[in-house]
Amino acid sequence: MVVSKLLLAVVLAAPGEEASGASPAAVDGTEAATSTSPTPADPAAPGALVPAPPATRPAVVVSSPVRRAKTGRGLLIAGGVLTGLGVVGRIGLEVFWSTAAQIVPNDPFARWSTANLVFVTNWNNLMFFGPGLGLLTAGAYRRGGHEAGLGKLRDARRMRLVGIGLLGGGLGLWALSRALFLPIADACPSNRCAYTTLETTFWVGAGAIFAGAAHLAYATGYSRAAARVQVAPSLGPGFAGLGLTGRF
Amino acid sequence: MHAHRLTLAALLLLAPACADDEVPGDLGSRPEDDVMLIDSPALQHLAAALQDGETLRVSDLFFAERLRFDAAPDPSPLLAAQASEHAGLPPLAEPATLKVLTYNVGLLNRWYPFTHVGVPYYRERRAEAPGRLLADGWDVLFLQEAWELVDVERFAAEAERQGYAIYAGSKDKHVQHGLVILVREALIGAAKQEFGEEQFAAQREIELFPGPGIKRGLIRWSFTHAPTGRRIHLYATHLTAFPELWQERDVQARVLGGRASSHDDEDVVLIGGDFNAGPYYPDDRFGSTGEEVLSGWWHNAMMYPLMLHYGGLYDSRSALQPADDVARMQQLLLPFAFAPYRDEPLAGRCASIPADTFTGTDCNSLYFQQYGATEYPARLDYIFVRDVARHARVVATALEYTEPLDFGAAGAFELSDHYGQSATLQIE
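Those protein sequences? They're chains A and B, same order as listed.
Residue 1 is where the first sequence starts when you use UniProt numbering, and the numbers rise one by one after that.
Residue 1 is where the second sequence starts when you use UniProt numbering, and the numbers rise one by one after that.
Same shape as in the complex, but just chain B (with noise of 0.2 Å):
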């Protein structure tokens, strides 16, 4: 069941001399890079998790040798701070609801030599998503892993039909990062539109050779809202995946930080994807393909500050109440015993966990069928926004996509193997 991935994780930790710029070519040239760790409100509790913590600055992070973790990160105070902070907010006089989705669409179903990767019943789900999400009433959508240009194709025929538009970033790159960006057609304003696209420095380029033609990035579309004339930046990325390689996740979140964070005070920046790490992780030890456990887990608690410090962002999750990553990951079956977990989803816990945090969980069955037992459940699909003017309020958040779909024949299961973070925004 996990030949593939782990097949692909033992060429990617096998081949140290293609694992480039793991850390910053141009670390300490931003005046984010020196910032103290406890002097940082979306890092303070890396410092308080980490050996000579209050001595660390923000660089120290990509050095691994310089983390040792006593503990797990909690986040908990920096969701709570998001979420008082946006309640402190005055409301809004005039403005026009933008509703948002990010989905990982896992239209994946790729060859490398000697394994295939895919997600399961790809044919049946490419021909239900375009469809299905595009007459679901969105008015921004991030979508990740569409990979093949006849997919993105059928999000066009789609879209046009629906009055969409549509940006898949160029055909070279495009089947290397699977991005998608489509904005409802009406409100683009008549002020000219930028389109961007840019792939990590930072990742293990065996991943696209010869893994399966893999290699990571963001696509931008820059537009002026017409309902309110505000210029808004949508920023798509799908992030390293991976527990082990979160040094390039990192990395990655660096620069995309420092992207959102480029643009004028007065606008309004987007940025839905999927992350592939969580904020919390409760155990350093947890998941396993039968033999030793996967420790390291804490290190991967760090993308989701990083985003924040870098990008001047907050998580739309976490901005109308604190989001529960703390209360649901200590409602797993702790400390990981391999048999439980292999034996039904989450330990026989999907029933008594809500489906309102964790966009990737083994209660998903097509996540369960390909990484059952060997990963945490975690929230890895985040829209942030970054709003420094205090033009956007968030005032509706929920997972969706969450219920398996009658295919007919193939059987009953989810529209991907991840569940779709959607955020209802206000905007002046």
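Isolated chain A, as found in the complex (with noise of 0.2 Å):
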């Protein structure tokens, strides 16, 4: 459910404030009853017959001191090192494609080497790029939602745009180059053409696909977390604090 924008002062106060002083707010707004008050429930109080229900146990809002913000750093370490593997085989594949395999540059393109080179190039991708590009995509996006919850500033739009236009010519270019890959490698006069036509395509694809991925997830991610909550220092005679702003 969208609520209206909620103006929030948090006074800042010192930790030791926050614990002695601070009343818990109860999630519906209203204030909690104290644990000083004896009730029902508290097997301690005198009278006291049965634990309560936890239905009627008072919500106390308890903020856990080990709990992690989700700065996506670790989806974006996992992602990289897939990545990185990713790119090293197909390195390792090109080297073997221009060393190993003896193909004869000269040559023109041998079609009964396609059901290889979509098994060899797939399997990497599929082993590597693909969680890679994932698992970067999904830390770029908390990435984003973490930054705009540090109130750093980014034009998220103007990076939407630009994500898509590179994931979609990324993709695009990927999946035009595979499809056509064999009237391309016919019209070739070389394996030399051929593997570089691939090559240069993955290359360039891939690099589009992967930035393009990584800036519509941060953006995306960075939009909703900006729409949800705004961090803004708030100043006034008497008080200083931050304001937050967003959906709750």
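Heads up, a few of these hints could be off.
[Unchecked claim] The calculated label-pair distances, taken between Cβ atoms and stated as ranges, are:
1. A:D186 with B:Q369: 26 to 36 Å
2. A:M127 with B:A409: 54 to 64 Å
3. A:G168 with B:G296: 55 to 65 Å
The set of hints was computed from the structure by calculation and includes no laboratory data.
Glycine is no exception: its CB is placed at the ideal position from the N, C-alpha and C atoms.
Using the hints, put the two standalone chains together into the complex.
Pasting the structure below:
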């Protein structure tokens, strides 16, 4: 449910003060009962009979001190590692083609090798590049949200447009060059031409796909978080604090 | 040195699910299937070497569990019988000569995942082969392992210059079987020619993918011989390699024999190819990569008699005199020991074993580089003849292209890792 923007003033207070003096708020916004008031649920209270059912317990907000912010860092690292392995694998494949495979550069492209080309390139894509792209995208999304929460200013709209452009272009180039690879290879005069086309379109396409996906995911994460909460310093006579604006 | 071979062999053996059609689906449907081994002139020597061989039928040979060899199948009587039968034929009145060559040109240079498979000096040899082969006066050439279309185009260009017609099958399938037939154009009569191409059902599909894109088969070319008016049917083939895959090979031989025997008895059928198995192996154990010695060679001796049995064929190499397979094999250092065969081709015996029988041998430097000490030398390449009405005679046979050539800076080596097998025929 989208809630209209609220402005909450959070009084900057020392941690000690927060622990001793603040009155916890219930999730519905009303003031919660304090733990100093005996209730039937308090077994130590005089006259307590049985523990009260959970529904009758006062709702208390407890903030976990060990909970980590979702910065996307882990996902980005994992995605980077997998993508790096994919890059190494692909370069290794190119080294194999140019050395051990003994492909004659000036010969026409041999169609019999198409199945193996599809197999080895997609094996690397599925093992490394695909999962790497997924993790990097998820990490960028979280990173965008995290940095929005930190109040960093980004032009999310522009990033989103750039992302869509790069991703669309990269996917389009990749899909088209693969779909038309055989006609392209047939039109090529040599293996050198065919393999260069294959690899150039791969690297350009992959670069655009990764960059576009990262931009788009970051911008999306940023925009959503920014719409949820905005943090701004707030100063006034007798108080200082941060203004949080967003959807709650 | 043998990495590619071992990889492919491992793939082949570790993929039993792909081992389709080891037993022919139509086994028992042909009269030749039900013949007792002891009643077939071509297969009698197998019966003598098998446990309960006198009770076995030809169809039993396609079931590994029914075959227990007690001794090496010795084809000597079969080789001698072919020679004596041919010697008994009357001479032809006005024959025309037909010079036939079968040659595995070894133009293999392919990759598959993590591996390269190829015959050394591919580039140097492919530049040399078309001009040399088509300038040597052959009337019919059966070529194997001209895998790439670019090499077929080289042969086609040379054929045009030298007056040959060429058939290599379809583009899509040629790159899988690598077969080529060339015929001197002047010998082709006006009657309609027929062409055919077929790929064997019995083979490990893994050799096609993710292997090096190979699917074994045959190509056929039927034409009327202009000088005599005789209808001639040519078959080129290349059966499955690897000694472990004798079952696929035998099924392929049955198919090929069936095709050969389907023609009119007045016609002459010539089959040239690399059949990847010899007629005789003295010991069942031979060849190693340094660990276990390979066994099971006696099973490989079944391809040759099965071809003769199913095709109604004779072996041109054994027509004039019995082929020397047994004698040459007995010149090897046996039992097999790895070190001597690894250190020198045929354990140093190449000089004493005449180059008249084995078409695949470590004495060929290209063969040694690829397979040294891992396989028996053997007669792998044959020209078989079906001539029911006795319109053809063999007048000469020989191994061809056995000597190293000077390839300049690349060095001196043979034109291929196989030797060629020729047969000079007379046809009426």
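Structure-based check of all given hints:
For the pair D186 of chain A and Q369 of chain B, the beta carbons lie near 34 Å from each other, so the given range of 26 to 36 Å is met. Checked against the given bound of 54 to 64 Å, the beta carbons of M127 of chain A and A409 of chain B, roughly 42 Å apart, lie outside it. One distance hint, 55 to 65 Å for the beta-carbon pair G168 of chain A and G296 of chain B, holds here, with the actual separation near 59 Å.
The structure shown violates just one earlier hint, number 2.
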